[in-house]
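For what it's worth, the UniProt record's numbering labels the leading residue of the sequence shown as 1, then goes sequentially.
Some hints could be false.
[Said to hold, decoys possible] Restraint ranges, calculated between C-beta atoms of paired labels, are given here:
| hint | residue 1 | residue 2 | range |
| --- | --- | --- | --- |
| 1 | D467 | A24 | 48 to 54 Å |
| 2 | K372 | P272 | 32 to 38 Å |
| 3 | P122 | S237 | 24 to 30 Å |
| 4 | K372 | H30 | 46 to 52 Å |
| 5 | S176 | K144 | 24 to 30 Å |
| 6 | F69 | S370 | 47 to 53 Å |
| 7 | D350 | T56 | 30 to 36 Å |
| 8 | S237 | S176 | 33 to 39 Å |
| 9 | E214 | A353 | 16 to 22 Å |
If you are wondering where the hints come from, they were derived from the structure by calculation, not from laboratory data. No experiment lies behind these values; they were computed from the predicted model shown. Glycine is no exception: its CB is placed at the ideal position from the N, C-alpha and C atoms.
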Amino acid sequence: MLTSTSALADFATAALSSPSPPHAIFKFGHDDLLRSLPEKAFLGGDDSGDDSLSLTAVSNTIGMDGLVFTREIEQELRRAFDLEVVAQNIESRRRLLRNVRKWALEGLRDESLVVALSHPLPSPSLTEESSNGAPSPPTLASKKSRCITARQARSVLANAFLRNINDVMKTEKDPSNCGGLDFRRLFMGNSGDCGSQKLACLLLYFEACGSILEDTEDDDRVITFERIRYLPSRMDSLVKDMRGEKGKHSCGRFIGDGVHLHSGPMESPPRPAGAFVNFANPNFGYGKCIPSATQEEIMQMCCPEFNVGMLFIGKMGDDEVVNVCSVRRFCQYSGFLDSFMCKGLVPHLDRAASLETVMTMDACTYSHFSKKMIQRDICKAYHCFREYALDSLGLTAESSIPHQQYPIISTGKWGCGVFGGRPAHKLVQQACAANLAGVDLQFSTFHNDDGCSKVLAALQSRRLKADDVLPLLYNGTDYEHFFANIVGDEKKIRVSVYPPDH
1 MLTSTSALAD
11 FATAALSSPS
21 PPHAIFKFGH
31 DDLLRSLPEK
41 AFLGGDDSGD
51 DSLSLTAVSN
61 TIGMDGLVFT
71 REIEQELRRA
81 FDLEVVAQNI
91 ESRRRLLRNV
101 RKWALEGLRD
111 ESLVVALSHP
121 LPSPSLTEES
131 SNGAPSPPTL
141 ASKKSRCITA
151 RQARSVLANA
161 FLRNINDVMK
171 TEKDPSNCGG
181 LDFRRLFMGN
191 SGDCGSQKLA
201 CLLLYFEACG
211 SILEDTEDDD
221 RVITFERIRY
231 LPSRMDSLVK
241 DMRGEKGKHS
251 CGRFIGDGVH
261 LHSGPMESPP
271 RPAGAFVNFA
281 NPNFGYGKCI
291 PSATQEEIMQ
301 MCCPEFNVGM
311 LFIGKMGDDE
321 VVNVCSVRRF
331 CQYSGFLDSF
341 MCKGLVPHLD
351 RAASLETVMT
361 MDACTYSHFS
371 KKMIQRDICK
381 AYHCFREYAL
391 DSLGLTAESS
401 IPHQQYPIIS
411 TGKWGCGVFG
421 GRPAHKLVQQ
431 ACAANLAGVD
441 LQFSTFHNDD
451 GCSKVLAALQ
461 SRRLKADDVL
471 PLLYNGTDYE
481 HFFANIVGDE
491 KKIRVSVYPP
501 DH
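Given only the sequences and the hints, what does the whole structure look like? Please build it.
Here you go:
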């Protein structure tokens with residue numbers, strides 16, 4: 001979603017009048033950075049020549065606080081630069097590092113950026129004061145937004161690369177997730193291959209900015225962070241609210257309609273999607289950067305602009321989600337956890353197709369079959385999906401969405417793995433949320449069906465509405481009961497195959 005840049009000026013005016021004190025975002029200022037990174041270290045008649053001076057200057061700056069040895073930093077930087085995927089895509093190390101220096105200095109001079117980052121993005125209020133001063137009835141959902149441009153995100157990430165960003169949200173998240181937008185752990189010699197591969201993604205991001213995107217209209221692309229808070233409600237109440245008293249907003253489709261399974265990666269679904277579900281930790285962006293490669297952590301390296309939100313969003317509540325609109329996907333990858341590898345830049349990344357909304361919604365980690373947690377997670381998915389649908393189509397909260405205009409969201413085994421959920425169970429929850437929100441889902445099983453095709457086929461053949469499916473979810477005290485409730489007699493269920501191209 002592209003937002004007028006006037007929104008930035010409006011926010012700056014509001015932030016300047018805010019009563020809360022500003023954060024100290026940067027560790028050191030413009031003049032300090034100039035002294036640490038002298039211009040002569042980045043100059044030379046031939047950018048393909050010796051880059052030792054620039055590498056040493058950058059390494060000294062990264063290690064200025066003494067938490068990582070400068071020699072260790074330079075070794076890890078060279079190791080990342082020497083990776084084949086980096087060497088093939090970067091024309092000049094010196095020019096890339098010179099650009100990082102330039103962008104970091106630009107950020108330190110950008111007063112509107114400093115203002116935009118100087119205060120947390122607060123959790124929205126669900127009540128508004130009426131004309132007579134009395135609080136009005138609570139709304140179903142409310143949101144607050146923070147906007148920055150792609151140019152400003154580049155400046156923030158350049159400062160983060162140089163380790164010039166404080167963890168200003170450390171009091172707003174779990175102590176174990178403190179660290180913030182600091183890549184220190186990636187520069188340590190014990191970070192292993194994962195650290196080098198994540199550094200490779202950052203280097204390719206900077207290369208793409210310098211060689212493809214800088215000084216184009218993309219500089220003014222507005223990235224919007226939407227913190228959405230909603231009134232926790234029973235699902236039957238939510239169904240009633242969506243249908244309206246006269247069925248005005250009733251969805252004519254059945255649960256599972258518009259949901260398509262595929263076995264490929266979430267990043268390349270058979271039907272192009274404008275939004276991508278982040279299997280998120282409740283602490284935005286995990287709260288810190290470490291040499292690890294979960295689904296969220298991989299997304300953070302492939303879509304690095306997302307990480308700027310770590311400077312003003314802490315831990316999400318059980319009644320909160322965050323949508324990050326118009327972030328660009330820069331890198332491709334393969335593998336997961338220890339097998340993660342950067343595979344180069346996304347082809348044609350300057351096109352609109354590489355822009356997406358990242359839906360940050362954390363799933364429960366225990367009591368997966370309790371009614372309380374099922375309602376919690378369906379509400380999380382519903383409000384992410386619904387807000388995206390309304391934003392992408394320019395509609396109001398009261399609007400109904402025509403079937404032919406349903407936006408497409410790429411998702412998969414959200415809430416599974418270390419979260420402890422079962423894929424088919426989370427599929428049904430997301431299918432219910434999608435049905436109520438008015439979106440289609442491209443669901444990646446990623447080469448392991450885990451019962452998803454049987455459950456989806458059962459839903460589609462039984463032609464159930466939300467009123468029918470919710471009791472089946474609530475009455476499933478464990479996975480076996482849930483599966484039996486949904487599938488029933490397996491002999492009567494016809495399972496369709498995946499699309500032939502997957």
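Here is what the structure says about each hint:
Under the hint 48 to 54 Å, the C-beta atoms of D467 and A24, about 53 Å apart, fit the expected range. Restraint check, K372 to P272: a C-beta distance of roughly 36 Å satisfies the suggested window 32 to 38 Å. Under the hint 24 to 30 Å, the C-beta atoms of P122 and S237, about 26 Å apart, fit the expected range. One distance hint, 46 to 52 Å for the beta-carbon pair K372 and H30, holds here, with the actual separation near 51 Å.
The hinted window of 24 to 30 Å between S176 and K144 holds, with their beta carbons roughly 26 Å apart. At about 49 Å, the beta-carbon gap between F69 and S370 stays in the expected band of 47 to 53 Å. Taking the beta carbon of each, D350 and T56 are about 33 Å apart, inside 30 to 36 Å as hinted. For S237 and S176, the Cβ-Cβ distance of about 35 Å falls inside the hinted range of 33 to 39 Å, so the restraint holds.
Under the hint 16 to 22 Å, the C-beta atoms of E214 and A353, about 20 Å apart, fit the expected range.
This entry satisfies every hint, going by the numbered hints stated previously.
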